[in-house]
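Those protein sequence lines, which keep their order, are chains Z and R. Under the UniProt record's numbering, the residues of the first sequence are numbered 1 to 203, in order. Under the UniProt record's numbering, the residues of the second sequence are numbered 1 to 203, in order.
For the record, the hints were derived by calculation from the structure and aren't laboratory data. Please note that the accuracy of each hint is not assured.
Where chains are identical, the list cannot tell them apart; a pair therefore holds if satisfied intra-copy or between any two copies.
Distance condition first, Cα-Cα at most 30 Å in a straight line; then the derived BS3-like pairs of lysine-lysine [to be verified]:
| # | residue 1 | residue 2 |
| --- | --- | --- |
| 1 | K151 | K202 |
| 2 | K2 | K147 |
| 3 | K151 | K2 |
| 4 | K202 | K2 |
| 5 | K151 | K175 |
| 6 | K147 | K202 |
| 7 | K147 | K175 |
| 8 | K175 | K202 |
Number of protein chains: 2
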Amino acid sequence: MKIYELGPAPSARRVSIFLAEIGIDVERQQVDIRGGENLSETFRAISLNGQIPVLELDDGTTICESVAICRYFDEAFPTEQSLFGNSALEKAQIEMWQRLVELRGLLVAMQAFRNISGIYQDRENCITAWGEESRQRLVDFLPTLEKQLSKTTYVAGDSFSIADITAVILCDFMKNLEIHIDENLPNLQRWYQLVSARPSVKS
Amino acid sequence: MKIYELGPAPSARRVSIFLAEIGIDVERQQVDIRGGENLSETFRAISLNGQIPVLELDDGTTICESVAICRYFDEAFPTEQSLFGNSALEKAQIEMWQRLVELRGLLVAMQAFRNISGIYQDRENCITAWGEESRQRLVDFLPTLEKQLSKTTYVAGDSFSIADITAVILCDFMKNLEIHIDENLPNLQRWYQLVSARPSVKS
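For reference, chain Z alone in the conformation it holds in the complex (with noise of 0.2 Å):
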């Protein structure tokens, strides 16, 4: 197996954090994206999405898309307390959460950073208007994952899982945007300490 990435963005931090937490070492090889070589027909072959991770097996089949990464290494490589979940409400709430901070946090903060930066202008068409409209959508989102962390220690309940990965990547990366956990959000700072010293998301 070998997995293709660009180790500091957040996808593939996604897919790494879960690796180390699981306790799975796979090869890795970085893909210049800055440079535009997942643009070429060489990595086009491989991720659909023309985007990293990429995870490609022995007999050369490849996933793209970092949480479908995640869920083959959960179910073919089980623990105890799967990071996506074991019972079904427990799947159920872990995937709320999961989707919640991905489609409400993630997603916004990247739509936010490529639009007001133009880091690919070169690739894409930038709408700085929705830049901003996204960075304070994402400010506006904040308040839910600390009413949720008010009550519960990790994001989806008792347990560290992906909903926990997702919004980890979230919190570090959503300092290009310059937003920052102050004290009016003390749970989420709370959480976002607890979840940084753990040694998968250190690394």
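Model the placement of chain R on the given structure of chain Z, informed by the hints.
Frame of chain Z, contents of chain R only:
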């Protein structure tokens, strides 16, 4: 159990088609989204994201996010061929396509529609230029689906899955953006006819 929904809304249809496929009937209560009923304190108390659909279990536990609701039923009422896949590889491939169709298709279509039409301008800022950009990105995504469907019967392989449900909802919704599946996309046309004829989709 009860589901709060607005029948014709794409995310409510996702759950309805899923339930019809696995043969489960659940009580429904309609929510007046256009009238803003989902913005009320009462509704926010049961729906974390203030959106439909929401599943309320008999003990009062609520789950929002349509895919999380489908996941709950998939786990609590297992079928021989899960719409999320059976083997690790199948689950990963279905998750990959489900995400590709959602993140590059359905969500982009929703952003296009909301920002161009201004349907919810009483409650959100609309950026027309982002709507137009989103519409173009959606058009640019369709050849990815066409290419896949030139190789497989259904979106994620040989079996009907939740990725097909997301894709058929997308194709129906695209009509609001005056995007139609024309003869340049013959395999997408073939697939669209095939899935549109399913009783779960027709109803």
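A quick look at each hint next to the structure:
In this assembly of identical chains, the alpha carbons of K151 and K202 lie at most 30 Å apart only when taken from the same copy (25 Å versus 42 Å across copies). In the homo-oligomer, the alpha carbons of K2 and K147 lie at most 30 Å apart only across protomers (25 Å), although the nearest pairing inside one protomer, at 39 Å, exceeds that limit. In the homo-oligomer, the alpha carbons of K151 and K2 lie at most 30 Å apart only across protomers (25 Å), although the nearest pairing inside one protomer, at 39 Å, exceeds that limit. Taking CA atoms no more than 30 Å apart as the test, K202 paired with K2 passes inside one copy only; the shortest distance there is 22 Å, against 42 Å between copies.
For the homomeric pair K151 and K175, the shortest alpha-carbon distance inside one copy (25 Å) is at most 30 Å, but the shortest distance between copies (43 Å) is not. Taking the shortest alpha-carbon separations for K147 and K202, only the intra-copy value of 25 Å comes in at or below 30 Å, while the best inter-copy value is 40 Å. For a Cα distance limit of 30 Å, the shortest separation of K147 from K175 inside one copy, 21 Å, qualifies, whereas the shortest one across copies, 38 Å, does not. With identical chains, the CA atoms of K175 and K202 are at most 30 Å apart within one copy only, with a shortest distance of 16 Å there and 47 Å across copies.
Violation of the numbered hints given earlier is absent; every hint is satisfied by the structure.
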